[in-house]
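Chains as they are written, first to last, in my numbering: chain R, 1 to 102; chain C, 1001 to 1203; chain V, 2001 to 2398.
Take the hints with a grain of salt, since some may be wrong.
[Claimed, not checked] Derived coverage of chain C by chain V (criterion: at least 3 residues anywhere in the stretch with Cβ under 8 Å from a Cβ of chain V; other residues may be distant):
1. 1017-1029
2. 1074-1080
3. 1090-1097
4. 1163-1173
[To be verified] Calculated pairs, PhoX-like style, for lysine-lysine (alpha carbon to alpha carbon, straight line, at most 25 Å):
5. V:Lys-2295 x R:Lys-48
6. V:Lys-2131 x R:Lys-27
7. V:Lys-2195 x R:Lys-28
8. V:Lys-2360 x C:Lys-1167
9. V:Lys-2140 x R:Lys-11
10. R:Lys-79 x V:Lys-2131
11. C:Lys-1005 x V:Lys-2386
12. R:Lys-45 x V:Lys-2295
13. V:Lys-2195 x R:Lys-66
14. V:Lys-2362 x C:Lys-1170
15. V:Lys-2228 x R:Lys-48
16. V:Lys-2189 x R:Lys-48
17. V:Lys-2131 x V:Lys-2069
18. V:Lys-2307 x V:Lys-2297
19. R:Lys-28 x V:Lys-2045
20. V:Lys-2274 x V:Lys-2195
21. V:Lys-2015 x R:Lys-48
22. R:Lys-11 x V:Lys-2317
23. R:Lys-11 x R:Lys-66
24. V:Lys-2140 x V:Lys-2069
25. V:Lys-2393 x V:Lys-2362
26. V:Lys-2386 x C:Lys-1013
27. V:Lys-2307 x V:Lys-2295
Hints were generated in silico from the structure; no laboratory data involved. The model shown is predicted, which means the values in this text are computed figures rather than measured ones. The C-beta atom is built at its ideal place from N, Cα and C for all residues, glycine as well.
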Amino acid sequence: MLHSHSVENEKFGLFILFLNHLLSGEKKYEETINNVLIETRALVKGEKDVYTVNRDTFPIIIYLSKRNRTFFEGLPNTKSFDKQVYTDLFSLLDRQRPISII
Amino acid sequence: MFLNKADIEKLLKEGELIIKPLLDTSQVGEISIDFRLGYDFLVSIQGREPFIDASLNNEDRHPISSFFQETRRNIGETFLLHPNQTVLTSSLEFIKMPRDVFAVLNMRSSYVRLGITIATIIQPGYCGCMSLELTNTNKNAVNMTVGAPIIQARLYRLSSKSNYFSKPRKYICQVRPQISAVNDDGDLKILHRIWEESNNKIT
Amino acid sequence: MSPRLLELHFSQLAKAWNKSQYNNYSDNSKKLYHNKLGDLYRLLKTEDFSRFSQQEIMERYDVINMIFKSLEFLDSSTLNLLPFEIVTCLDCALRDWLQGDEELIIVTSLVNDINNYSFDESLATNEQLFKYVELQYGIKFASRLIQINLPATLSRDYLANVVLYHELGHFIDTKYQISRAIHDEILEKLFVKRKITPEEEKELADYFPFLENYLALEPYYNNQGEIKVLRYYLAEYFCDLFASQYIKTCSSHYLQYLTQAYASQHSNSHPSTKKRVELTEKFLSGDDSTFTLSKIKEAVNKTTAGKSLSVKFEEKKSNDFINLVPIDIENDSQLHYLFVHGWDLWLNNWHLFEEQNEMKFKLDREKVYDIVNSLIEKSIGNYVVKTNWDKAKANVSK
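I would like the entire structure built from these sequences, with the hints used as guidance.
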């Protein structure tokens, strides 16, 4: 269990780093970020469920879907997004995540 | 009575002699069976102690296991036998001998010519991989392939059946080379007692 | 983090790399992975850390950790004491659960702790790290490493090593996020949709006693979005079922041995042994009436894009062990059943060794232990040897 939680934290950390790169204009990180946006959008819209969204980025998708459902419901049905979306995404991630005590 | 190919094949067919795995039936020759080098080894190493003590007279003796190091290879890999080195290994094949047949093991001549020697017998009723003590008497190291047929076994029939399990056995279904259990020898305990008495070590 | 701390971290890596760079591997996959590590290390070495932003420092820190971890895994596997028999069995099971052309390399670490049976999957379940290395350095790793830890003194104890099937289950669970997904669905059912039948409620309380008064947990759910203990319990149930696909009730035997005094006690990380055994027995008997079991089966099917929890062992009846010879295994499914044979002998049939082989003495427990484990080991070894031999022979003949 300890391992899986450490890996989960690393995933979040890396994802935020990727997003920073993208916001700095590095397009090569776009695909990874977009995949998470698309999967989260699909989850909140009911096109996918907790069993069928991407497994590797699952913790991030679930967190984002609960963090601001409306944001993802309103995402355009495209495979690419403008910079404001990424900026808004960053603000969803750049805060302390809840700590589970039980 | 010395067994030939037909005798050996009959024993195999009837399940009296079991060889697992028998990778190639050509291992059964006209007067012998070839067995292969297994993948587990106990290599003798030089430790801090100057000698292996096969007696019980030294209370501070190091265990015999400290003079050997375990190592494994995959089939097809090689094992280097250094000059004058003795290595404990076992056959690739697990065998179960008939109760009235024993086997005499020698190296196949290709390996004898390289200076690798062995001489051991396998008792009637024995079950397990065959323990092999290989010594390299060549001045050069010899690189051997795990799985290569290196041993030749000649089989002899006794006049009556014996029971391998008529007394407790140290090695049953052994599948890897085992360290010598010489210090467990019952006679050594008697001899040790004699030594203690003659040297006034009994209080 | 100050660049100087990153320099320190890299200097430590340089020491480790100097020691490992000439490692030899007979397995080409490990060699290729090692070569990629070398490429990555050399690229890192050329970078000037003093010019890095905080973000770049954090990224390099993660990459250095990845190299360290990889070396740790690979170094332990160069020792020539590989317990390839148990690795073969686990590898066979693992391959049932991989997708497409995924390549996973199992390495082993023999540890001193007699209770340490585990998988370290940290390098195999973080794709983003490998993606970063690919994007930043142009280095693509074709395979992933997964390390099995087992106690050195028990590396040949096949009766105990059955727990590794359960541990493999944890890896599969993490890879596909199975228990996590079920956890989310159950909590949504309880606290969001509020759609739970009285039967489901009763059963949930039975298998997850902390859910008996689940409404008291609602504030935790609202605040944290999860109930950790539910995740843990689901994971344990899943792993028990996963293992039983291959080794029937064997891991239950060892589990009961480990938890004998506390069989009906549940903890904050594990369900009671009693309930774990019960669920496993329902699965093996084909009883799908349990909500928990059917939910786990459904989750497996969906998260793995079609794979299923099902009996994967093939029963092979044989008296060979009693006759003190290895069993001839014909396929992977029969391989796993060797552990069932071993446990059956150990639990029920010591006397058969003596009777069948006309032993004039009583076999002591250490002897029976050696015999059972040796026969399992040789049966697996023979299967591996024969399979490789037949395959190579066919290729040589072409």
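Contradicted hints - numbers only: 7, 20, 21, 22, 25
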